[in-house]
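Residue numbers (our numbering), protein chains in the order written: chain W, 46 to 383; chain A, 46 to 383; chain X, 88 to 402; chain S, 88 to 402.
None of these hints come from the bench; they were simulated from the model.
The reader is advised that the hints may include incorrect statements.
Using 25 Å as the maximum straight-line C-alpha spacing, the simulated DSS-like pairs for lysine-lysine come out as follows [unchecked claim]:
(1) 336/S with 347/S
(2) 385/S with 336/S
(3) 99/W with 336/S
(4) 239/A with 254/A
(5) 250/X with 250/S
(6) 385/S with 110/S
(7) 282/X with 336/S
(8) 336/X with 99/A
(9) 347/X with 336/X
(10) 110/S with 336/S
(11) 282/X with 282/S
(12) 282/X with 110/X
(13) 110/X with 336/X
(14) 254/W with 312/W
(15) 282/S with 217/S
Pair ranges (Cβ atoms, derived) [said to hold, decoys possible]:
(16) 110/W with 361/X: 45 to 55 Å
(17) 298/S with 278/W: 52 to 62 Å
(18) 161/S with 278/W: 46 to 56 Å
(19) 81/A with 222/S: 18 to 28 Å
No experiment lies behind these values; they were computed from the predicted model shown.
Virtual Cβ for every residue (Gly too), placed ideally from N, Cα, C.
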Amino acid sequence: MSTQAEATERTVPGATTDLTYREAVNAALQDEMEQDERVLLMGEDVGAEGGVFKTNTGLIERFPGRVLNTPICENTFIGVAIGMSVTGLRPVVEIMFSDFLPTAGDAIVEELPKFRFMSGGQCSVPVTVRSIGGGTGRFGTQHSATGESWFMGLPGLKIAVAGTPAGAYGLLRAAIRDEDPVLIFEHKGLYGRKGPVVRGEAGIAAVGKASIDREGTDVTIVSTLLMADRSLAAAEALAEQGVSAEVIDLRWLRPLDIDTVRASVEKTGRLVVAEEQVHRGGWGATVISELTMGGIDWTSPPRAVSLPDHLLIPYSPSLEDAIIPSTDAIAEAASALL
Amino acid sequence: MSTQAEATERTVPGATTDLTYREAVNAALQDEMEQDERVLLMGEDVGAEGGVFKTNTGLIERFPGRVLNTPICENTFIGVAIGMSVTGLRPVVEIMFSDFLPTAGDAIVEELPKFRFMSGGQCSVPVTVRSIGGGTGRFGTQHSATGESWFMGLPGLKIAVAGTPAGAYGLLRAAIRDEDPVLIFEHKGLYGRKGPVVRGEAGIAAVGKASIDREGTDVTIVSTLLMADRSLAAAEALAEQGVSAEVIDLRWLRPLDIDTVRASVEKTGRLVVAEEQVHRGGWGATVISELTMGGIDWTSPPRAVSLPDHLLIPYSPSLEDAIIPSTDAIAEAASALL
Amino acid sequence: MTTNEERLAWYRRMVEIRLFEEKVQELFMEGLVEGTTHLCQGQEAVSVGAIAALRADDYLTITYRGHGHALARGVSMEACFAELMGRATGCCGGVGGSMHFTDVSRGLLGAFAIIGAGLPVAVGAAVSAKLQGTDRVALTFMGDGGTNIGTFHEALNMASVWKAPVVFIVENNLYGEYSPLRETTAVDDIAERAKANGLPGSIVDGQDIDAVRDAVGEAVGRARRGEGPSLLEMKTYRFRGHSRTDPAKYRPEGELEAWKLRDPITLLGATLELSDDDQAALRDEIQQLVDDTADRAKSAPTPTLEEIEAYVYAS
Amino acid sequence: MTTNEERLAWYRRMVEIRLFEEKVQELFMEGLVEGTTHLCQGQEAVSVGAIAALRADDYLTITYRGHGHALARGVSMEACFAELMGRATGCCGGVGGSMHFTDVSRGLLGAFAIIGAGLPVAVGAAVSAKLQGTDRVALTFMGDGGTNIGTFHEALNMASVWKAPVVFIVENNLYGEYSPLRETTAVDDIAERAKANGLPGSIVDGQDIDAVRDAVGEAVGRARRGEGPSLLEMKTYRFRGHSRTDPAKYRPEGELEAWKLRDPITLLGATLELSDDDQAALRDEIQQLVDDTADRAKSAPTPTLEEIEAYVYAS
Ligand SMILES: Cc1ncc(C[n+]2csc(CCOP(=O)(O)OP(=O)(O)O)c2C)c(N)n1
Ligand SMILES: Cc1ncc(C[n+]2csc(CCOP(=O)(O)OP(=O)(O)O)c2C)c(N)n1
Ligand SMILES: [Mg+2]
Ligand SMILES: [Mg+2]
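One chain only, chain W, in its complex shape:
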């Protein structure tokens, strides 16, 4: 248990180190709680044993009274966080599985984004909601959604999606510091993934900025979460075939960094969106629509690699693997455009 806390503690601030995505989350929480005593972590079983996904290791010991286990009542404890946030605290709420976000539907759709507005701007609502989504874990139909686009049509919210350890660290810190409510999605299939993280202020992500994780000239791949990881792998494979793919980790769905995507597609003329969600109603469709409305000159029509529109996520391991977009599927979609 303590090894992870130590691992993140040993890191020299400001330096780039390799952390797992899990350690990156832990480091972000540690660093924000260290710097700002108004920051709290709350949620179900967030304290004991480092939390269900072991992202919170060492925090309850290090910040006594600031890591709060809640009863099972997602809607209410997000509301509680709102009340805290408008009275001087900066709560970070953990929603264990993104599939439990709808349980808190009212708090997320009607309260968090609207609270400031309805008051005529009298207050701000600096609440961060972390939630852990995504497939590959064999958790079945009710525990495997990314949920990333469920709330993207809600002005008043900001929405971040972490595709790498650097994103997990930088986005979470940015979310906590933001004056507005931020939903931040982590992917449970990425916790063990290692990658470089700049610890400290320099590593904090800019709000609303996508990240070009690999430059390329032939085709743009836009992705989030686990698909960001797989898109990088797909770009490797494509490189071997002589195709130069630019990989963008979108990082924010609201604000949506359409400018970065547009600039890339203006260069490549080709686009694949790689998304662990059905296409309909999601960010992938939004990206393609906005580029099209903006009059982009498609070299060939864009493609989406998505979850099937006519299926739900099954438990059966081979079927789960069959429906979640694979590295190969992403690479093939990109190749097909050339």
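Once you have looked at the hints, place chains A, X and S with the ligands on chain W.
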């Protein structure tokens, strides 16, 4: 009170009559409850006084024991409806304002669409959820959303949107008869609108079929709900300018009738989506994305007339009017494409 | 304990609320207020009495039936009228309307149009006060019908477990919209529901402002001393329908008339030994104030889209 | 009332469940079961005893901790193993997995991975039975921690108001995931929460299968006679961690050992006057059955995408 029930009763089955959108809802409920005694209506205050929007006039008297007032607990009474539906009944649940759908978030996102699937297809879930959304009523930030696209990315659900009295009648009957869970959205700004309705079997809408409400050759306008109404008015105005607009009332967001839209845009080469929602994450973006991915040949880039992405719905009447897409705004967007 | 001067101020405030809401009806007819309103006529002793027990730095959350509570908390009547008319000078800049009267400077953190949503916010404010080492207290108001929604129990349970300094006020006016309590609610006394969540619950005569003030004072004191949350059920009645469009035909005959005999304004007036003339004079004076204030409020501009854009995001 | 033959069948069934779940652990190690599982070891008397009180045409809903309940209801063990291995022959065609054991033909309408979600479904089934003029009853199982979610209260209230023939069984195993009851729940006895929703609640020794059977029998009888819903709190304990990855280090020393002295299988065994040899023989026989069944289940194919597509929409 009784006048409305009488009005709908006087209608000769099979004949086309002019009904208000409100009367059309009432007629659909009456006809289905008459034909199938397994059909129930339940929700908050659905019985007394014809319900909050007076859509249910006469039903509690006519079908005693089959119009059930519930306590205030949206999530639970949709769950109750699921339990009824898998044991032989066909409940129609009324959610008074679409903004209360998130209160029932778990039931709508995790239970309704997944129930049959998780069981391996052992049962079907014939629940209809009617919900009343939309602006222009000065109901403010928490009572004015259409909510129509919130759940469109959920396989397992069907989603209907009624833009005319004929749609209100035909879609609701189709929803009640369907073996799968259907969310059907009504618009509170349309209840007084009159239009032709074919009462009886012939008036029942086909699942997943959009309706071409006006034919045209220059530009396609796709819309739903109140925007369907305004798009028709916009088409009138355009006709006076010599522009021939085809108006499609989408009617279903899931299944989405992309074929009808594609055929129209292949003819016109131009598209405006008119939507009372922000563009991001909605059906409008999905339509444009799918057409673009399908390689459509845009004569000019499509446009969206939508709610602003950076605002919430204000109470102040002049501001509410300013942000909801007007007939003029739709007509202008269409003109601009020519 | 309470001086007669204070009690006279309560009386004034209750009359203000009553006449304010009468005026709202008028403004509706004139087309100056649109949408919907939920009047609290008949329930004024609850808001005025309960809020009298608060300190200026305490917190509260209210509901769509919140005109009385906002005025009781001292929100400017002009800002309230302006809000109802959608003016930039409204207490929510004109974007909130009748259901969202808010004044954060007075600790009035929000008014909620979704049943139950204000409770967690009050619990959060209370926990926050406690964590920050202050002795501030939070008060939250809700209706009887609203105690059937899960958030109610969730909030009570969390308040208990975290020993939050919060007082839950249930205004039991016997109806939730058109439904009588009995038809939707498995208990007759909402106070029963407190025990299921480990907190004390008691029943108070909501028409008797002294009883309200005393009960809330005690509960607030308890919370302030760190002894935890409590729930008070105020038995009361709304003289009007649920909302503007509701003629309230579902009420049994004579019910309204019986409750009008226990009009909280009359009841307090009687104990103040105000002569009929005194009462009439006071009413006239307040009517004048209300009319003048509404007129002033009318003259303010509506907000611009640019102005309200700043209300969406803080950064 | 209950014959010793029936009680021996209960004993057998409890041993089956215990050994089934042991085998699940093994299959996990072999990589044949993936994802997560939530074992009910230690709680077998609740599922077996409660379900013994049902008629074949009654309804029930269960949770992610539902292996025991499904087996108790007579779902084929082979279908259960197959489900855990993601095979087309699984009780949910392989798409559900451990958390969703369902068998509609046996009235087992669903198993829910979202806390609270099964309760409304059971209430709906009960109301449905009543509206259709049958005397069927619904039973729903849930945990102690789950009584903090709003849906719990909402469902109880609706059941009361509509007099639904439903029995709520709370399996109070003292923990919700890693959190001891006390840390998250404002009452020590969940039965307290029934009153807040107008229904009778009582406490039952969940390790004593005769007590469980009797209490549930009474509640089911009451429901069947049209006398309304009730809640039973079963005091019990899980011998394993919350889920596969939880070593349950948060338990105070000696707690598990103390509860193991009240292993429901041992307790029932003692009253059956089975000799040690008899018990060992029975166990061996069942172990053989479990092993053989698992082997058979293994050999089934996984479903195809085409097959499971038909599970999404009925039309
Ligand atoms: C979640 C939700 N469901 C339904 C409504 C619609 N609604 C508004 S007020 C109301 C009745 C509330 O009754 P009660 O709590 O007794 O308060 P009262 O109006 O009597 O003050 C209902 C059902 C809502 N606003 N929110
Ligand atoms: C809405 C929701 N929130 C959180 C969870 C995660 N979760 C699964 S089981 C569990 C604990 C439940 O405890 P209890 O009700 O006592 O049942 P037990 O597991 O002890 O049988 C939690 C928090 C969930 N499944 N659903
Ligand atoms: Mg009420
Ligand atoms: Mg438990």
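Hints versus structure:
1. 336/S with 347/S: holds (16 Å)
2. 385/S with 336/S: violated (33 Å)
3. 99/W with 336/S: With a Cα-Cα distance of about 14 Å, the restraint between residue 99/W and residue 336/S holds, given a limit of 25 Å.
4. 239/A with 254/A: holds (22 Å)
5. 250/X with 250/S: violated (35 Å)
6. 385/S with 110/S: holds (13 Å)
7. 282/X with 336/S: violated (32 Å)
8. 336/X with 99/A: holds (14 Å)
9. 347/X with 336/X: holds (16 Å)
10. 110/S with 336/S: With a Cα-Cα distance of about 23 Å, the restraint between residue 110/S and residue 336/S holds, given a limit of 25 Å.
11. 282/X with 282/S: holds (9 Å)
12. 282/X with 110/X: This hinted pair is violated, its Cα atoms lying about 41 Å apart.
13. 110/X with 336/X: holds (23 Å)
14. 254/W with 312/W: OK: residue 254/W and residue 312/W at ~19 Å, within 25 Å.
15. 282/S with 217/S: holds (23 Å)
16. 110/W with 361/X: 45 to 55 Å: Cβ of residue 110/W to Cβ of residue 361/X: about 52 Å, so the range 45 to 55 Å holds.
17. 298/S with 278/W: 52 to 62 Å: holds (58 Å)
18. 161/S with 278/W: 46 to 56 Å: Because 47 Å falls inside the window, the suggested range holds.
19. 81/A with 222/S: 18 to 28 Å: Roughly 24 Å apart at Cβ, these two residues keep to the hinted range, so it holds.
Of the numbered hints listed earlier, those contradicted by the structure are 2, 5, 7, 12.
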